[in-house]
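S.K.: Below are the chains, spelled out letter by letter.
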Amino acid sequence: MSAKKKTILIIDDEPHIQTMVATRLQANDFKVITALDGKEGLEKVKKERPDLILLDIMMPEMDGYDFLRELKKISGVNLMPIIMFTAKVRREDIDKAIYLGAVDYVIKPFTSTVLLDKIRQFLKS
Amino acid sequence: MKKKNAAEKKIKRLKQKTDKVRVLVLEGDGEDRWLIQRLLKEVRAPQFDVAFMSTLREGLERLRQWNGDVIFSDLQLPDSHGLDTFKKIRSQTRKIPIVLLSRLEDEKLATEAVRSGAQDYLVKAKLNSNMLSRVLRYAIERKKAEEEIYKAEERYRTIFENSAVAIILVDQSERIVSWNKCTEYLLDYGKQDLYLKQASMIFAQEAWQKVKSFSAERHGATKRLEIKALKKSKEPIEVDVSWSILKDVDGTVTGAILILQDITERKRLETLKDEFVSTVSHELRTPMTIIREGVSQVIDGLLGQTTKDQQKVMMITLESIDRLGRIIDDLLDISKLEAGKMEIERLPLDFVELVREVKTLFFPMARDQGIEISLKLSSERIDYQGDRDMLVQVFTNLVGNALKFTKQGRIDIEISDKGKYVECSVADTGCGISAHDLPRVFDKFQQFKRESGPGNRGTGLGLSICKGIVELHQGEIWVESKLGKGAKFVFTLPRQWS
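As given, the protein sequences belong to chains A and B, one line each in that order. Per the numbering used here, numbering through the first sequence is continuous, rising by one, with the last residue being 125. Per the numbering used here, numbering through the second sequence is continuous, rising by one, with the last residue being 498.
What the hints contain is simulated information worked out from the structure, not anything from laboratory work. Take these hints with a grain of salt, some might be off.
Reference excerpt, derived from the structure (chain B facing chain A, CB under 10 Å, subset only) [as the list claims (entries may be wrong)]:
| id | residue |
| --- | --- |
| 1 | Ser278 |
| 2 | His282 |
| 3 | Ile290 |
| 4 | Glu293 |
| 5 | Leu324 |
| 6 | Gly325 |
| 7 | Ile328 |
| 8 | Lys336 |
| 9 | Glu338 |
By construction, the Cβ of each residue, glycine as well, lies at the ideal position given by its N, Cα and C atoms.
Kindly produce the complete structure, drawing on both the sequences and the hints.
M.R.: Below, the structure is given as structure tokens:
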């Protein structure tokens, strides 16, 4: 394996979701780091510079929208793709995230193929 | 015994009351009194119960407790003269007809009194019993008719006054002329705040224009406009409004009726329900995500080898989880559709491209079932402006249903451009729908018997959602089917909308 493993940051306040997604991603050769809310997420972004972020919307402390707003203030991360990973299905909720800088979304409950396809698509470009 | 006597007397009195015509005569001249009495005796039917009073004072005194059928009065009484006599009697009693007895020289005065509401006048010098009986008959008929009108009006007034909606009557310059109790209660206005004020003050300027253009004539009595009205304090209140123009026989606008119904509580409950449904659906998604992914990982072998039986059970579990997901999605959609919260995004789209995508989506499943899906398109490109995601959902539901109910044969998706509208249909060669079930296919939670076959179990909401979406696009949807002969779902989408 010559290529370095890509790192994905999962920001979600539900530990079981993190476990499930991490297992799936690790089985597909990704390195996974996790954060339980937006604040912790920002720390991890600064420290570990992940290649892609899976971001929940409804979280305590700092929600997904605020995370997106705060992220813009950090330099050198503007190309980091963020895929919304949410149980919110209303179009306006998704649109708001896209407006704030997310590239795509995956709705919970998710299908692993859809999730993996989207992750690969944005890591390639 | 005493009691019985009293009762009998009462009956007798009542009988007298109903049988005899009660006449009050105000006549100061003794000779004239005698003349009238004699003439009344000559009148064959009805019988009279006559009371004579010689002064206005006596007459008015009597009228306080007298509830008779007709009043005769001379305009010239010892204590009152001319029109004043009539006016004073009239002010004492609104309902009893007044017939004036005039002297020859008073005839002009008497006609004037008739113009201001007297029943009629009789010139004493020309008086005879025929004339008297005719005038009496008219007076009594008029009184009866007025009583009927009064009763009918009273009935309507009671409905108006006690109605739980605010009813406001305005004149042709939109000034408030009449209103019911509920109006004052709903908008916090007092009597003096409303009379002859412009009805527009009840609304913000923009809302008022909407109210007027949404007249009942144009939209029918069943449709209502939901809008915010303003209380006296300018605090907004959610109401449902109807505005009906009043016209007289020749079509001249005489005013309008404005009806407002308080829907604050209904709105609050709707919001509560929406929030509830959306919270529940959101909350259910998290555990479902975990269960689904856990099961998927077992199936995918991420957690080690599984036996064939374990695989089978896990697959069924996964299918059920997905069905649960669809139910939640559908519930959310139907709740939004019903609350009128679903907003459509009108964007240009091409139906040909859209149905090709739907076909591609169902192609693997149809192939596995041995069913052909064919497209019949009226042209290579069919432009329309509508909500793409929602229209895809309509086709997905219809084609999904068709696949579910069709064991063998084909599914035809047809789109034809009809100029003013686009007509779409999805027809299958499946089991069809019985005449009994046909009227209920678009109702919520209606699931009909089907052969157990491939495809996912539905939610019973798919067709209600289709109907909701088509109606949001101001179109119509219907079904043509016979048991055993397949089903054809057709919907039309107009190119012009309001």
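S.K.: Indicate, hint by hint, whether the structure satisfies it.
M.R.: Structure-based check of all given hints:
For Ser278 of chain B, the interface hint holds, since its Cβ comes within 10 Å of a Cβ in chain A; the closest pair sits about 8 Å apart. Interface hint at His282 of chain B: satisfied, since its Cβ lies 5 Å from the closest Cβ of chain A, which is below the 10 Å cut-off. The beta carbon of Ile290 of chain B is positioned within 10 Å of a beta carbon in chain A (closest approach about 5 Å), and the interface hint is therefore held. A least Cβ separation of about 4 Å between Glu293 of chain B and chain A falls short of the 10 Å threshold, and the interface hint therefore holds.
Taken as an interface hint, Leu324 of chain B checks out: its beta carbon lies about 9 Å from the nearest beta carbon of chain A, inside 10 Å. Interface restraint check for Gly325 of chain B: the shortest CB-CB distance to chain A comes to about 6 Å, inside 10 Å, so the restraint holds. The beta carbon of Ile328 of chain B is positioned within 10 Å of a beta carbon in chain A (closest approach about 9 Å), and the interface hint is therefore held. Interface hint status for Lys336 of chain B: upheld, as the beta-carbon distance to the closest one in chain A is roughly 9 Å, under 10 Å.
Taking 10 Å as the C-beta contact cut-off toward chain A, the hint placing Glu338 of chain B at the interface is violated, the least distance being around 16 Å.
Checked against the numbered hints above, the structure violates only hint 9.
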